[in-house]
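We have chain A already, so just place chain B on it with the hints.
Now for the letters of each chain:
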Amino acid sequence: MNETSFLDINQKKYSFKEDLEYLEVFPKGLNKEIVEAISKIKNEPEWMLKIRLKAYGEFLKKPMPTWGPDLSNIDFNDITYYLSANKKVENDWEKVPEKIKNTFEKLGIPEAERKFLAGAGAMMESTTAYHKLRKDLEKKGIIFCDTDTAIHKHPELIKKYFGTVVPIVDNKFAALNTAVWSGGSFVYVPKNVKVDLPLQAYFRINAEKTGQFERTLIIVEEGAEVNYIEGCSAASYSSNSLHTAVVEVVALKDSRVRYTTLQNWSDNIYNLVTKRAHAYENAYVEWLDANIGSAITQKYPSVYLKGEYAKANILSVAFANNNQIQDTGAKAIHFAPNTTSTIISKSISKGSGKTVFRGLVQVQKGAKNCKSFMKCDALMLDKEAKSDTIPSLKINEEDVQVGHEATVGKVGEDQLFYLMSRGLTEQEATNLIVNGFFKQFTKELPLEYALEFNKLIELEMKNEIS
Amino acid sequence: MNQLEINNLNVEIKEKKLLDGISLKINSGEIHVLMGPNGSGKTSLSNAIMGNPKYKITKGTIKFNNKDILNLKVDERARLGIFLGFQYPSELSGVTITQFLKQAYSNLDKDISFLDFNNILKEKIKELNIDYSFIKRNLNEGFSGGEKKKNEILQMNILKPKIAILDEPDSGTDVDALKLIANGINKTVNENNTGILLITHYNRILEYVKPDFVHIIHNGKIILSGDLSLAHQIEEEGYEKIIGVKNE
Numbered sequence: 001m002n003e004t005s006f007l008d009i010n011q012k013k014y015s016f017k018e019d020l021e022y023l024e025v026f027p028k029g030l031n032k033e034i035v036e037a038i039s040k041i042k043n044e045p046e047w048m049l050k051i052r053l054k055a056y057g058e059f060l061k062k063p064m065p066t067w068g069p070d071l072s073n074i075d076f077n078d079i080t081y082y083l084s085a086n087k088k089v090e091n092d093w094e095k096v097p098e099k100i101k102n103t104f105e106k107l108g109i110p111e112a113e114r115k116f117l118a119g120a121g122a123m124m125e126s127t128t129a130y131h132k133l134r135k136d137l138e139k140k141g142i143i144f145c146d147t148d149t150a151i152h153k154h155p156e157l158i159k160k161y162f163g164t165v166v167p168i169v170d171n172k173f174a175a176l177n178t179a180v181w182s183g184g185s186f187v188y189v190p191k192n193v194k195v196d197l198p199l200q201a202y203f204r205i206n207a208e209k210t211g212q213f214e215r216t217l218i219i220v221e222e223g224a225e226v227n228y229i230e231g232c233s234a235a236s237y238s239s240n241s242l243h244t245a246v247v248e249v250v251a252l253k254d255s256r257v258r259y260t261t262l263q264n265w266s267d268n269i270y271n272l273v274t275k276r277a278h279a280y281e282n283a284y285v286e287w288l289d290a291n292i293g294s295a296i297t298q299k300y301p302s303v304y305l306k307g308e309y310a311k312a313n314i315l316s317v318a319f320a321n322n323n324q325i326q327d328t329g330a331k332a333i334h335f336a337p338n339t340t341s342t343i344i345s346k347s348i349s350k351g352s353g354k355t356v357f358r359g360l361v362q363v364q365k366g367a368k369n370c371k372s373f374m375k376c377d378a379l380m381l382d383k384e385a386k387s388d389t390i391p392s393l394k395i396n397e398e399d400v401q402v403g404h405e406a407t408v409g410k411v412g413e414d415q416l417f418y419l420m421s422r423g424l425t426e427q428e429a430t431n432l433i434v435n436g437f438f439k440q441f442t443k444e445l446p447l448e449y450a451l452e453f454n455k456l457i458e459l460e461m462k463n464e465i466s
Numbered sequence: 001m002n003q004l005e006i007n008n009l010n011v012e013i014k015e016k017k018l019l020d021g022i023s024l025k026i027n028s029g030e031i032h033v034l035m036g037p038n039g040s041g042k043t044s045l046s047n048a049i050m051g052n053p054k055y056k057i058t059k060g061t062i063k064f065n066n067k068d069i070l071n072l073k074v075d076e077r078a079r080l081g082i083f084l085g086f087q088y089p090s091e092l093s094g095v096t097i098t099q100f101l102k103q104a105y106s107n108l109d110k111d112i113s114f115l116d117f118n119n120i121l122k123e124k125i126k127e128l129n130i131d132y133s134f135i136k137r138n139l140n141e142g143f144s145g146g147e148k149k150k151n152e153i154l155q156m157n158i159l160k161p162k163i164a165i166l167d168e169p170d171s172g173t174d175v176d177a178l179k180l181i182a183n184g185i186n187k188t189v190n191e192n193n194t195g196i197l198l199i200t201h202y203n204r205i206l207e208y209v210k211p212d213f214v215h216i217i218h219n220g221k222i223i224l225s226g227d228l229s230l231a232h233q234i235e236e237e238g239y240e241k242i243i244g245v246k247n248e
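Quick note, the sequences are listed as chains A and B, same order.
Sequential numbering of the first sequence, starting at 1, is according to my numbering.
Sequential numbering of the second sequence, starting at 1, is according to my numbering.
So that you can see chain A by itself, here it is in the shape it has in the complex:
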C-alpha cells in the first residue's frame, strides 16, 4: 500500500504530476465541432446537444467580464477541452486504472471514504473515474452519480432542473461550462430522507493547458437533508489552465443542504465558477466555501430565497498568497417574505496576494420582514498585501432588517508581542492568530477537514507551496 494518510500534508501532496495514459485527447481550442464531439463521445441524447450548442452561442456572444480581475491571460484556443484517462466510471477502487487510483490514494480519498463518508466521487481531467454510494443509502432512493451517467439514467430529473438555477445566459463562464461540461456530481435526495454522513466529490487536474468543466446538480426533495463536500487540487505547471464549473442546488420545501468546498488548486489555475441555490419554503441552504489555491478565483456562491421562511447561510473564506487573487464573496436575493440570510467572509492576503470581497444582498419588492446580515473581515499579513471590500445592498422593500459590518486589519504588533512573550515563535504566533481568524469557518467543518484546512493554511504561511 502506498496510501498516504489523509492528514499527512506537505507541499508535494497536491502539486505532484502523475504520468497518466490518456485514452482520449481532443485537439486544443474551442469551436462547434469540439462541442459536438464532446456530446458525441458521451453518446448524449439530442436535447443535451441542443443545450450545449445554444450555450456555445451565448459564450461567443458575451464579452469577457471586465469588472473583476484581469482575465486577459486566458487563451481559449490554447486549452484542451476534453481529455480522459479512463473508459468508464467504476464503483470499485480496484477497477480504477492504476495511475488514476495512485493519484487519489496519494490525496487520501479512498481512506476518507472508508472513514467518514456516505459516498464518494473522484474526477480526473474531464471524466469521472470513480463513484460510489453506500448500499443502504442507495436503497433509500438516494442518487449520487456523475452527471454524465445521470443524463442517461435519470433524464426526467435532468430535463426538469438542469439550467433552471444557473441559466445559459447567466454569464460568459456559465455559458462556457454549459457548452463543454463533463463530469460533476448529480445528487438526488428523496422526500424526508436524511443522509447521515457527507457525500464527497474530488476534482483533480493533472494535465497541462487544460480545462475542467464539471457540472453539478443537487436536488433535495421536501424535508430531505444532505451534506455535500467537494475538494480539488491540480498538478502544478507554469502555464495556465482553466476550471469553470457550474453548481446548481434545488432545495425544496423544508429541506436542508450544506455544500462545502475546499478549493486548493495549484497556482496556475483560473478558477471561474458559478454556484447558486434556489431555496424554497422553509428550506435552509448553507454554502461553506474555502479558497486557498488557484491563480485567480472568481466565485460568489448565491442563494435565491424563493419561498417564505427560507434561510441562507454563506460562509466564505480565502487566503491569497503571492501572485494570487481571491475574488470571492456571496449573494443572497430575497424574493419571498420572512426570509433570512447571513453572509460572513473572512479573508487573508499575504505578499503580492490580493483578496476581494463582493457581497450582494438584494430584497425584492414584497419580500416583507426579511432579515439579512453581512460581515466581512479582511486581514493583511504584511505591508505589500492588498484587500478590497465591495459590499452592495439593494433593498426594494421597506419592512426589512439589514445589517452590514466590515473590518480590515493587519496582524497587530501588540498581539504578536503578547503571544511571543509566552514562548511562541513569531511564526507560531502568526499561525495562531490566523487559525483564530478562520475559526468561525473551521468550527463548522468535520474534524478531519478542519485539520486539513488548518494545515493547508500553515503551509501557505510558510510559503512551502510555490
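Simulated from the structure, these hints should not be mistaken for laboratory data.
All values derive from a computational prediction rather than experimental measurement.
We treat Cβ as the ideally placed atom computed from N, Cα and C, and that holds for glycine.
Check each hint, because a few of them may be wrong.
[As the list claims (entries may be wrong)] Taking lysine-lysine and the DSS-like style, the derived pairs with C-alpha atoms no more than 27 angstroms apart in a straight line are:
| no. | chain 1 | residue 1 | chain 2 | residue 2 |
| --- | --- | --- | --- | --- |
| 1 | B | Lys136 | A | Lys410 |
| 2 | A | Lys40 | A | Lys95 |
| 3 | A | Lys95 | A | Lys139 |
| 4 | A | Lys462 | B | Lys102 |
| 5 | A | Lys443 | B | Lys148 |
| 6 | A | Lys439 | B | Lys136 |
| 7 | A | Lys443 | B | Lys122 |
| 8 | A | Lys410 | B | Lys148 |
| 9 | A | Lys462 | B | Lys73 |
| 10 | A | Lys455 | B | Lys102 |
| 11 | A | Lys410 | B | Lys126 |
| 12 | A | Lys386 | B | Lys54 |
| 13 | A | Lys410 | B | Lys54 |
[To be verified] Partner residues are not named here, just some residues of chain B that face chain A (Cβ under 7 angstroms, in silico):
| no. | residue |
| --- | --- |
| 14 | Gly94 |
| 15 | Thr96 |
| 16 | Gly226 |
[Stated by the list, open to error] Just so you have them, the derived chain B footprint on chain A, three or more residues with Cβ under 8 angstroms:
| no. | region |
| --- | --- |
| 17 | 129-140 |
| 18 | 416-429 |
| 19 | 437-445 |
Chain B in isolation, oriented as in the chain A frame:
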C-alpha cells in the same frame, strides 16, 4: 538559583528617553515591588526586559544568569523562563485559553497530552476560583478587567517562569479578585521559587503580597530602594514628598 540583572539600562522610543540608567537585581524567590507615578517608566522597564522591539535599548545590559539577553527575541527570552504579566493583555479571537496555553506549555516544556494538560489546568483554575467555562473562552476577548488580570496570573502559574514581571496585576480588580491574584503570586513564589518584579501603583496588593524590596521609580530612574516600610511611607506621605517633585 536564577538571577535577572539589569545594569545602567537606558531605553527610548522615537528618541524620547524613557529609562535613564536603571539598575536592578532580582534573584529566585525574591519579591521586588516597583512603584512610581504615572509615566515614570514602569511599563517601559517591563517591556524592555521582555524584549518588545518597539523599545530601543541605547545603553546598559540585561543579563539572565550572567548571560546577556539583549540580542534574544521575545520568545527566546520567554523560553529562558522570563514572563511578563501584561497591564493590558491583547485579545485574540478564535483561540481559546486552553488551546493557547497548551501550545505555550508544550513549547516551554515538553509535549504533553491534552488530557494531562487539562488536569493541570483544572487544578490551577480552582486555585484562582475561575469557572471551568472560562478556559473555553477566546483569549481575553470580552473579558472584564479582573478576568484579564486573573488570566495573566493563571498563565504564570501554568508556565512556571523563573522570573516574572507583573505589570499592575492589581489595577481594575475588586477585592476578591485581588486576594486571589495575590494568592496566585505567593503560590508561584513558594512552589516554583520564582523571582518577582511586581509593578504597582497602589499599596492595596501589599496587604497580601509581602515584598523583600521596594523600589521607587521616577523619570526613568530608580531614586529610592528599601523594604516594605518605604511603601508605607509613600502611602502616608504621597509620592510628592518622597521624590521631592510634583506628580505628573
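How the hints compare with the structure:
1. B:Lys136 to A:Lys410: Holds: Lys136 of chain B and Lys410 of chain A sit about 25 angstroms apart, inside 27 angstroms.
2. A:Lys40 to A:Lys95: holds, 25 angstroms
3. A:Lys95 to A:Lys139: holds, 23 angstroms
4. A:Lys462 to B:Lys102: holds, 22 angstroms
5. A:Lys443 to B:Lys148: With a Cα-Cα distance of about 25 angstroms, the restraint between Lys443 of chain A and Lys148 of chain B holds, given a limit of 27 angstroms.
6. A:Lys439 to B:Lys136: holds, 14 angstroms
7. A:Lys443 to B:Lys122: holds, 24 angstroms
8. A:Lys410 to B:Lys148: holds, 23 angstroms
9. A:Lys462 to B:Lys73: holds, 19 angstroms
10. A:Lys455 to B:Lys102: Status holds; Cα separation ~18 angstroms.
11. A:Lys410 to B:Lys126: violated, 36 angstroms
12. A:Lys386 to B:Lys54: Distance of about 25 angstroms is within 27 angstroms: holds.
13. A:Lys410 to B:Lys54: holds, 17 angstroms
14. Gly94: holds, 3 angstroms
15. Thr96: Result: violated, 9 angstroms to nearest chain A Cβ.
16. Gly226: Violated - the Cβ of Gly226 of chain B stays beyond 7 angstroms from chain A, reaching only about 30 angstroms at its closest.
17. 129-140: violated (count 0)
18. 416-429: holds (count 12)
19. 437-445: Per the Cβ count (4), the hint holds.
The structure fails to meet hints 11, 15, 16 and 17 from the earlier list, while all remaining hints are met.
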